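Chemist: Same order as they appear, the protein sequences are chains Z and U. Numbering follows the working numbering, with no gaps: position 80 of the first sequence is 80. Numbering follows the working numbering, with no gaps: position 33 of the second sequence is 33.
No lab work stands behind these hints: they were computed from the structure. Honestly, I wouldn't trust all of these hints.
[Claimed, not checked] List of simulated lysine-lysine pairs, BS3-like, C-alpha gap at most 25 Å:
{"id": "1", "chain 1": "U", "residue 1": "Lys107", "chain 2": "U", "residue 2": "Lys70"}
{"id": "2", "chain 1": "U", "residue 1": "Lys70", "chain 2": "Z", "residue 2": "Lys57"}
{"id": "3", "chain 1": "U", "residue 1": "Lys3", "chain 2": "Z", "residue 2": "Lys57"}
{"id": "4", "chain 1": "Z", "residue 1": "Lys14", "chain 2": "Z", "residue 2": "Lys71"}
{"id": "5", "chain 1": "U", "residue 1": "Lys3", "chain 2": "Z", "residue 2": "Lys9"}
{"id": "6", "chain 1": "U", "residue 1": "Lys3", "chain 2": "U", "residue 2": "Lys107"}
{"id": "7", "chain 1": "Z", "residue 1": "Lys57", "chain 2": "Z", "residue 2": "Lys70"}
{"id": "8", "chain 1": "Z", "residue 1": "Lys57", "chain 2": "Z", "residue 2": "Lys9"}
Quantities reported herein were computed from a predicted structural model and do not represent experimental measurements.
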Amino acid sequence: NAGVTQTPKFRVLKTGQSMTLLCAQDMNHEYMYWYRQDPGMGLRLIHYSVGEGTTAKGEVPDGYNVSRLKKQNFLLGLESAAPSQTSVYFCASSYSDKGHGYTFGSGTRLTVV
Amino acid sequence: AQKITQTQPGMFVQEKEAVTLDCTYDTSDQSYGLFWYKQPSSGEMIFLIYQGSYDEQNATEGRYSLNFQKARKSANLVISASQLGDSAMYFCAMREGPGNTPLVFGKGTRLSVIA
């Protein structure tokens with residue numbers, strides 16, 4: 001099925017561990033985004049990419065790194081996980097169709113203990 | 001200052017009644033887009049409706065309509081004939097400028113539909 005696929009769906013990390021969240025889209029979208037969702041905070045932008053090989057910081061980028069080596073993939077890395085990074089992470093992609101906004105992945109629930 | 005403000009953390013509505021979810025926004029751009037998304041308990045984000053700043057008519061999509069009041073900078077979502085399946089979190093979001101800039105989301109409103 002066409003869309004945005006996030007892996008893994010769930011993960012528990014210990015403080016200080018590292019991990020990478022993978023986002024893959026098969027819609028040939030230029031733009032990809034990583035958001036985190038915390039209770040009462042809505043969705044906040046971590047990093048985004050406007051094309052292959054480009055990345056930019058969002059509202060809450062500290063503690064995260066990203067890479068977009070291929071157009072279809074957008075990776076979010078946590079080098080040294082902290083309990084404050086416990087959250088639900090959403091990846092999204094879009095193209096220049098203003099009427100539809102984003103296509104979201106199903107989310108990754110990350111718990112850092 | 002918040003770009004998107006949703007002042008109703010939670011709302012209840014009787015089944016088959018209409019409900020309005022409030023959203024106000026803050027931007028100095030002339031060109032912008034406003035979006036509403038639904039997040040049911042299963043967690044996925046579902047696009048509902050879009051309104052462009054230059055659109056003269058209010059957007060409608062089935063039972064959803066967007067009450068766009070540009071001078072007041074409000075973009076309220078109206079759901080007509082509420083159904084039990086409408087119980088969910090609803091997020092208002094804005095894209096500033098004419099390009100594909102990232103969406104900024106409000107904190108959401110949890111809607112509960114009562115039978």
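Chemist: Each of the hints needs a verdict: does it hold here or not?
Modeler: Consistency of the hints with the structure:
The straight-line distance between the Cα atoms of lysine 107 (chain U) and lysine 70 (chain U) is roughly 21 Å, inside the 25 Å bound, and the hint therefore holds. For the hint linking lysine 70 (chain U) to lysine 57 (chain Z), the alpha-carbon distance of about 30 Å lies beyond 25 Å, and the restraint is violated. Restraint check for lysine 3 (chain U) and lysine 57 (chain Z): the C-alpha separation of about 18 Å stays at or below 25 Å, so the hint holds. Between lysine 14 (chain Z) and lysine 71 (chain Z), the direct Cα distance comes to roughly 31 Å. Violation of the 25 Å bound is thereby established for this hinted pair.
Annotation: proposed proximity of lysine 3 (chain U) to lysine 9 (chain Z) is violated, straight-line Cα distance about 30 Å (limit 25 Å). A hinted pair counts as satisfied when its Cα atoms are at most 25 Å apart, and lysine 3 (chain U) with lysine 107 (chain U) qualifies at roughly 11 Å. Pair hint lysine 57 (chain Z) plus lysine 70 (chain Z) holds up; C-alpha atoms about 18 Å apart against a cutoff of 25 Å. At roughly 24 Å between alpha-carbon atoms, lysine 57 (chain Z) and lysine 9 (chain Z) fall within 25 Å of each other, so this suggested pair holds.
Violated hints for the displayed structure, listed by number in ascending order: 2, 4 and 5.
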